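Undergrad: So the protein sequences, as listed, match chains A and B. Numbering follows our numbering, with no gaps: position 105 of the first sequence is 105. Numbering follows our numbering, with no gaps: position 105 of the second sequence is 105.
The reader is advised that the hints may include incorrect statements.
[Stated by the list, open to error] Sample of chain B residues facing chain A (criterion: CB under 10 Å; computed from the structure):
| id | residue |
| --- | --- |
| 1 | 17 |
| 2 | 21 |
| 3 | 24 |
| 4 | 29 |
| 5 | 46 |
| 6 | 49 |
| 7 | 148 |
Hints are computed from structural coordinates only; laboratory data are not their basis. These numbers were taken from a predicted model, which means no experiment stands behind them. Quick reminder that beta carbons are idealized off the backbone N, C-alpha and C, glycines included.
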Amino acid sequence: MREWQQLLERQEEPGGPGRDFEERVFAKIRRVKRRRQAGIGLAAAFAAVTVAVLAAFQIGRPASGRAPLRAADKEEVPVSEELFFATSDGRTRYTLQPVALGGSQAPQAASNQI
Amino acid sequence: MDDLIAKLKEGDEAAFKEVMAMYKKPIYHYLSLLMGDRQLAEELTQDTFVKVYFKARTLKCDSLPAAKAWIYTIATNLARSEFRKKRIRRVFSLSELGEAQASYRPDVEGKLLAEQLLAMVPEKWRVPLVMKEMDNFSFEEISRVLNKPVGTVKSLVFRGKDHLRKQFLDAEGATHA
Chain A
1 MREWQQLLER QEEPGGPGRD FEERVFAKIR RVKRRRQAGI GLAAAFAAVT
51 VAVLAAFQIG RPASGRAPLR AADKEEVPVS EELFFATSDG RTRYTLQPVA
101 LGGSQAPQAA SNQI
Chain B
1 MDDLIAKLKE GDEAAFKEVM AMYKKPIYHY LSLLMGDRQL AEELTQDTFV
51 KVYFKARTLK CDSLPAAKAW IYTIATNLAR SEFRKKRIRR VFSLSELGEA
101 QASYRPDVEG KLLAEQLLAM VPEKWRVPLV MKEMDNFSFE EISRVLNKPV
151 GTVKSLVFRG KDHLRKQFLD AEGATHA
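In isolation and in its complexed conformation, chain A is listed as follows (with noise of 0.2 Å):
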């Protein structure tokens, strides 16, 4: 066999991981664990943080007033009138004026004086 391969054949295996070995693993292990349930814990501090911040600015609600209206909820303001106001001697007149619609004859014009 050849000198650079006994080289290899001499290596002794080194005599093994230390005594507290297997401590130090496992306190290893519980600081993973740790570091999980903290990360768990901060993500779910983080869930609720944001779900109170969209709850006090009504964000995600659908905003009132901006839908469509249904035509049940419409209210129809009649334009068949026309107020008309004229002063003379210090008195103020005003004249409510029909509008006649469709070709139909308007009904007399109401007056008052105030």
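Starting from the known structure of chain A, fit chain B onto it as the hints suggest.
TA: Here is chain B on its own, set in the frame of chain A:
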């Protein structure tokens, strides 16, 4: 034995301890040769078993050889990650010598230490070489651990041996000069 792996997968602590007792020494030996640093090897061996503990459920096979290959894969990946860190550190540290520039330090009997020579073999050849020559893995087992074809593994081991032989002859020449 297959029952042991099944228990390990279920998270049984006794099974984990048994597996750790079986493999802690071979893994430590393997990592010592790969890293050339026993303290670092012990750290990485600990990290290997921490990963085994948390990832045992993801193990797909129930056989002991498959579990062994899986544990070696974890150890190899940790070693590779450490190699990368070392490379980064070397880039940022001008005072540190590169692998090829490392000096030979014969032991008390004037013999060259295999660890020192192995440290000069590039990582891509060192990993399969150590598995084959030091840990007596078959080419098929190395292929499974490294996820490479058997032919590629054979070639890598051959190149690693060739590199090691040249390093050895150079070192012998240097010590006898």
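Undergrad: Run every hint past the structure and note whether it holds.
TA: A quick look at each hint next to the structure:
1. For residue 17 (chain B), the suggested interface contact is upheld, since its CB lies about 7 Å from the closest CB of chain A, less than 10 Å.
2. Annotation: residue 21 (chain B) was flagged as interfacial toward chain A, and the flag holds, the nearest CB pair being 8 Å apart, inside 10 Å.
3. A hinted interface residue such as residue 24 (chain B) counts as satisfied when its beta carbon comes closer than 10 Å to some beta carbon of chain A; here the least separation is about 6 Å, so the hint holds.
4. Here the hint on residue 29 (chain B) is kept, as its CB sits about 5 Å from the closest CB of chain A, short of 10 Å.
5. Checking residue 46 (chain B) against chain A by beta carbon gives a least distance of about 5 Å; that is within 10 Å, so the hint holds.
6. Given the 10 Å rule on beta carbons, the hint for residue 49 (chain B) holds: about 5 Å separates it from the nearest Cβ of chain A.
7. Hint status for residue 148 (chain B): violated, given a least beta-carbon distance of 22 Å to chain A, over 10 Å.
When each numbered hint is compared with the structure, a violation occurs for hint 7 only.
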